[in-house]
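Asks: Listed below, chain by chain, are the residues.
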Amino acid sequence: MNSALITGIAASLAVPNIDTDTIIPIDYCINRNRPNFDIALFRSWRFHDDGSERPDFLLNTDPYRDTKILITSANFGCGSSREMAVWALVDFGIKCVIAPSFGEIFYNNCFQNGLLAARVSDETAVTLGRTAEQTLGLTLEIDVSEKMIRTNRSEKYQFELDSLRSEMLLQGLGPVAATLTRVDDIETFEKSDRLRRPWLTPQQI
Amino acid sequence: MPAPAAPRLLFDKIWNSHCVTGLGGGYDLIYIDRHMLHELASDVAFAMLHERGQSVRRPELTFATHDHVVSTAAGRQDDTWPESAGYIATLRDNTARHNIELFDLHSPQQGIVHVVAPELGVALPGTTLVCGDSHTCTVGALGALSWGIGTSDVAHVLATQTLVQLRPQVMRIECTGRLADGVTAKDLVLALIGKLGADAGTGYAIEYCGEAVSALSIEARLTLCNLSIEMGARIGQVAPDDSTYEYLSGRRYTPIGEAWDQALVHWQSLPSDLGATAAREISFEVSHLKPQITWGTSPAHVIDIDGVVPDPSDAIDAQTRTGMEKALAYMDLAPGTRLADVEIDAVFIGSCTNSRISDLRIAANVVKGRHVAAGVRALVVPGSSQVRKQAEAEGLDKIFSAAGFEWRQAGCSMCVALNDDRLRSGQRCMSTSNRNFEGRQGKGSRTHLASPASAAASAICGYITDHRSIAV
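Protein sequences appear in the order of chains A and B. Using my numbering, read the first sequence as starting at 12 and increasing by one per residue. Using my numbering, read the second sequence as starting at 567 and increasing by one per residue.
So here's chain A without its partners, still in its complex pose (with noise of 0.2 Å):
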């Protein structure tokens, strides 16, 4: 992401627990590459067994073919681990979902991918979602830095994110990379371990 505002199209589903199998179903994960899933995003809401687009799916309509925020309901990205979902949202267009809850794998799997999960209180994603329902696209400004939503009338909504995962949005902290540079303290935590629990290591009967 690299940028501390996300700007764009706000399209509302407000269905609580939208689970990650129907984010993406599973047959669109059986790729050992990594495709785009631009088109695996909600297939079976999108489109018809046929493969043509359901017209009466809110991102099948313009403007909101161009969404980049989702305003969702409570336990968004519940259920499977699979990180697939996140990719389909994010090769989609997808720069920010916001919503009340998040499935907390999927939560942890948003920012591995530049993908900003916005947590607010139920009352601002209910308000958000009423909003962007009764104005035709809907744009949104988010300030990552700020932790604030404004819309083009000047409202704005605060929401929740840690310093740990707002730096990992803004600066593209690799989290593995900024392990590796602990690599010592691993190996003495490895060392002293060994000696308190020396029966840890794996032997096969």
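Some hints here could point you the wrong way.
[As the list claims (entries may be wrong)] Just a few of them, taken from the derived set where beta-carbon distance is under 10 Å, the chain B residues facing chain A: (1) 583; (2) 584; (3) 607; (4) 614; (5) 652; (6) 663; (7) 667; (8) 726; (9) 729; (10) 768; (11) 820; (12) 828; (13) 829; (14) 840; (15) 1005; (16) 1006.
Since the hints were derived computationally from the structure, they do not count as laboratory data. Here the structure is a predicted model, which means the values were calculated and not measured. Built from N, CA and C at the ideal position, the CB exists for glycine as well.
Based on these hints, arrange chain B on the given structure of chain A.
Replies: Below, chain B without anything else, positioned relative to chain A:
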């Protein structure tokens, strides 16, 4: 005299002893004792590792098997399900290259990761264990601290043997009373999810305790912990006790001799101290529980098996109502319908939730001398090749086959529907698995989650059945 240490919870003891270093803001770098790999979530992770020029830090703490994509057909080969051949070959290459133990397709140890980890003694009390699968919470039943992770984190563990983790709070659920005959751990945990909600556990590690939990076998505790993620909690645990030690003794990777004695001393120090309190304490009385069944597309959409489908107009808020209406339309059910009269097309007995030997014994006991109803496809998929072998030694395979069930090879099968074990659109299935999401068992599939006994009874009757009504 030193001041007595503050009382601590099971979770705190394990977390604290695995903290390599604090990272600030509630984050810790946590050491990982055991890493399970399967074919689906590992190949992109290995590709990330190789791209960065990194190696596997502790291959001897890492174990791999094939479960998600592999065919479960009798006499299966790598390419019996064509898509699986590439996955199997890649995992074979990667594990050989990095010197990781692989329970390969024809290994007697092959099986579903969360069934294999306990039965081989890979998962142990007080250890941290992760896997690229959300149901890794299962093995918390042994008093391990275990959770599911995404692909990027699998690569992180391979390279560093650690994870950057935000410390969760603890929710302790005390289950009081005793389960009635015919009511199982599956019914208990489904009822809990129904009562607390599908996101009640978000941000928490759950500890299950109380007399009803102590009374459960280890296999039943594995079922209980398995569904923690369906309550939103990545982690579910039961403190180790004598049942745990008895279960673990003599397993393939369990410590032996002096190492066992040392480990046992450590394990016995793990249960929550008297006076330690959790951020959220819940008491749940189980004596009145009936067998449970889901009616909708969230595990929280659950009722007593003799109950009726609820009415969305009674929902507590507009969004819950929207979710219920969407679920009813998908499931093709109307409010007020008695589920126990609804006809089914298929029955699936398997998955990391309910595919262990005790589950198969319960199901076999219901179907013995009976036959699957006409028009119903019924599958039994053992959780591991060891479970399959044990079941065959006990003659359970013959009971199932005589009753018209398909007796299959070990794997995730119709829980994840990655191979040809899947339903056709519109088909309705009684399933012992863990997720009733839209399309979970195949595009357009309709899933009712229940216990092995309920699933077995329903296979015989051809409609959703309270197994107690056809008592053996």
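Asks: Enumerate the violated hints, using their earlier numbering and listing them in ascending order.
Replies: 6, 14
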